[in-house]
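Student: These are the residues of each chain, in order.
There are 2 protein chains.
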Amino acid sequence: MADLAEVPSAPRGGRRGRAAAALAASQKYYMQDMTMEAIASELGVSRSSVSRLLAYARESGIVDIRITSPVEGGSALEREIRDRFLVSAHVVPMPSTVSEVDRLERVAMTAARLLPQFVDSHMTVGVAWGSTLSALSRHLPSKELHNVTVVQLNGAGNMQTTGIEYASEILQRFGEAFGARVQQFPVPAFFDDPATRAAMWRERSTRRVLEIQARMDLAVFGVGSPAADVPSRVYAGGYLDRDDFRSLAEDHAIGDVATVFYRADGTWRDIRVNARATGPDLERLRRVPRRVCVAAGVHKAASLRSAMAARLVTDVVVDEALARDLVAT
Amino acid sequence: MADLAEVPSAPRGGRRGRAAAALAASQKYYMQDMTMEAIASELGVSRSSVSRLLAYARESGIVDIRITSPVEGGSALEREIRDRFLVSAHVVPMPSTVSEVDRLERVAMTAARLLPQFVDSHMTVGVAWGSTLSALSRHLPSKELHNVTVVQLNGAGNMQTTGIEYASEILQRFGEAFGARVQQFPVPAFFDDPATRAAMWRERSTRRVLEIQARMDLAVFGVGSPAADVPSRVYAGGYLDRDDFRSLAEDHAIGDVATVFYRADGTWRDIRVNARATGPDLERLRRVPRRVCVAAGVHKAASLRSAMAARLVTDVVVDEALARDLVAT
DNA sequence: AATCGCAGTGCACGAACGTGCACAATGGCC
DNA sequence: GGCCATTGTGCACGTTCGTGCACTGCGATT
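Going down the list, the sequences are from chains W and F.
Counting with the numbering used here, you get residues 1 to 329 for the letters of the first sequence.
Counting with the numbering used here, you get residues 1001 to 1329 for the letters of the second sequence.
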């Protein structure tokens, strides 16, 4: 039964051999419609190993599953968002009964599987952090690329903890997925004093990061929303104090991207907190060719709508309810 | 549980609704990793229906599964074929113990799933017939395209039966898969008298077909081999008689593509049977930008090698044993 | 040289899946 | 308007699949 000649000299799954076996198994499973049992006997391993090989093949991008709408331009909802906001939309289908947490999880997983399509060799990818990106990063399949750089979009320290692990975990996973160099941004999320920020921005180490950010080909981020029931990380994590919130309210901030705030009309001039934020100036962000925003939950509608009004976004991934909310006048 | 608002006014799976439901189910299954059970309850149908929806989505090309080798340029075998014959190769992995019939089936299925990648809107696709193409056509997933033409490469009648159903069945399936117009070629596989062929070739109806053939962007065919254990259709189907075989042997024919014969060295001049054949002149065939040859079984090695020597082929899909045979020596 | 750690394996179990069947609804056809 | 053919559906069954667990053998570390 078993054809032992398959992998002549691989006593125990060698580094190289694993990918080759996964490739062969994938071809047999997905192109030839064989059962795992049959593949196992051809490969001379147990069926469970085949199951694992296939899982590996999916994660590692050997098998690439993509879904294309049969109708040109996607669903009606997606087309309407595209027409209204000039943003390419991906709506994650989902009944309205789904809880906030599941919503986030499902949107993040979908976004994770969409993302590799946007990333290619020699690109620089800017990544924000927060609950959305954390979930997303956990589901990223990988893609064999060269010379990719992943750079942190904004600082992640706060008063209680450095927060570095949290952000770096996300970056790390992006790095692994795309075989990328990872560039952290070791500054707090917000400075207390704008002058400190200015000083830091003159530091060589900081400038290096800023220069990398300036070369971004792709930015991935969520949107913050003060109204969140599952509050955005930046509002709940102790990054801002009572005075900050008052200041934001006075300046009519309605949401943020990577700790930089904007108003409902898409403007952001003179929002005082921004002078202490570490995220990219929104003017600069807008120069990034592709800017993917991932968001789940209707409470993000106002913030996301404003972000789109500010033209911060070229692609959105949203759940169905949020999508409906966006287009409901 | 069930969210009845999903498809407001579709009492029983409407024509349009099916694709939409399949799309939603696919996104939930493949992008969000939900179980069919969970999807069923969200869509308000039974789990079995979801299973069928997903099958439909795969067949209809809503879900597109592709497999890419982790190493640049495919397996070693594929690279060697590419280097040796200047032909892009796809090797279907398979142990040497597999029977001839299974071999054919598995190669055909793989080829069927590869083919949509080569076909696009506004193309003209030439299709031969035979056991390989019959098997292939049975597994073609479909792809939503416009203005595609499928044209029969060579006649299919013989002395006993018209053979039209056999060939037309194949064409039909190609047509359905790509939403294409189908152009049959209602002539026998071989004429008895070269003069009849010449006369027919002057007929307007025939010329129309030949003109369509002249515009082909893609041709798909197998190779015939007199040595086949599973004999190629053209040798076993009663299309040729004893004298014809003698004539072919005298002229050193070693194989054929779409009923047109060639020699081991890649030449075909003065093979007398060709004057009565209905397949495309090989010179003309060579002008088709992409020419995909599908073959299974080591007995096809000589014929296929010669076809490649004659530069009739730009892409091959072959089983592993045949591939090894091609590069041996 | 002996030990530790870890990646990879098969087993066995429960969960998830595909499909033949009988039935219901629908749309076309007399 | 009633009939039949066609298409889709849920149920139930047997099959196929994913995963926690205990185990093995290799490479690194001391």
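None of these hints come from the bench; they were simulated from the model.
Among the hints, a few may not be true.
Unchecked claim - Just a few of them, taken from the derived set where beta-carbon distance is under 7 Å, the chain F residues facing chain W:
(1) Gln1032
(2) Pro1095
(3) Arg1263
Said to hold, decoys possible - To spell it out: a stretch of chain W is covered by chain F in this simulated footprint if at least three of its residues, at any positions, have a beta carbon under 8 Å from a beta carbon of chain F; those stretches are:
(4) 27–33
(5) 85–97
(6) 104–116
(7) 262–273
Just so we're clear, the structure is a prediction, and the values are computed from it rather than from any experiment.
Don't be surprised by glycine CBs; every beta carbon is placed ideally from N, CA and C.
Student: All hints, please: hold or fail.
Tutor: Status of each hint after checking the structure:
Nearest Cβ of chain W to the Cβ of glutamine 1032 of chain F: about 5 Å, under the 7 Å cut. The hint holds. The criterion of a C-beta within 7 Å of any C-beta in chain W is met by proline 1095 of chain F, whose closest approach is roughly 3 Å, and the hint holds. At its closest, the beta carbon of arginine 1263 of chain F sits 34 Å from a beta carbon of chain W; the interface hint therefore is violated under the 7 Å criterion. Taking a C-beta to C-beta cut-off of 8 Å, the region 27–33 of chain W contributes 6 residues in contact with chain F, enough for the three needed, and the coverage statement holds.
Only residues whose C-beta sits within less than 8 Å of a C-beta in chain F count toward coverage, and the region 85–97 of chain W has 6 of them, enough to reach three; the restraint holds. Coverage of the region 104–116 of chain W by chain F holds [criterion: at least 3 residues with CB-CB distance below 8 Å; count 5]. Remark: the region 262–273 of chain W is not confirmed as covered by chain F, as 0 of its residues place a Cβ nearer than 8 Å to a Cβ of that chain, below the required three.
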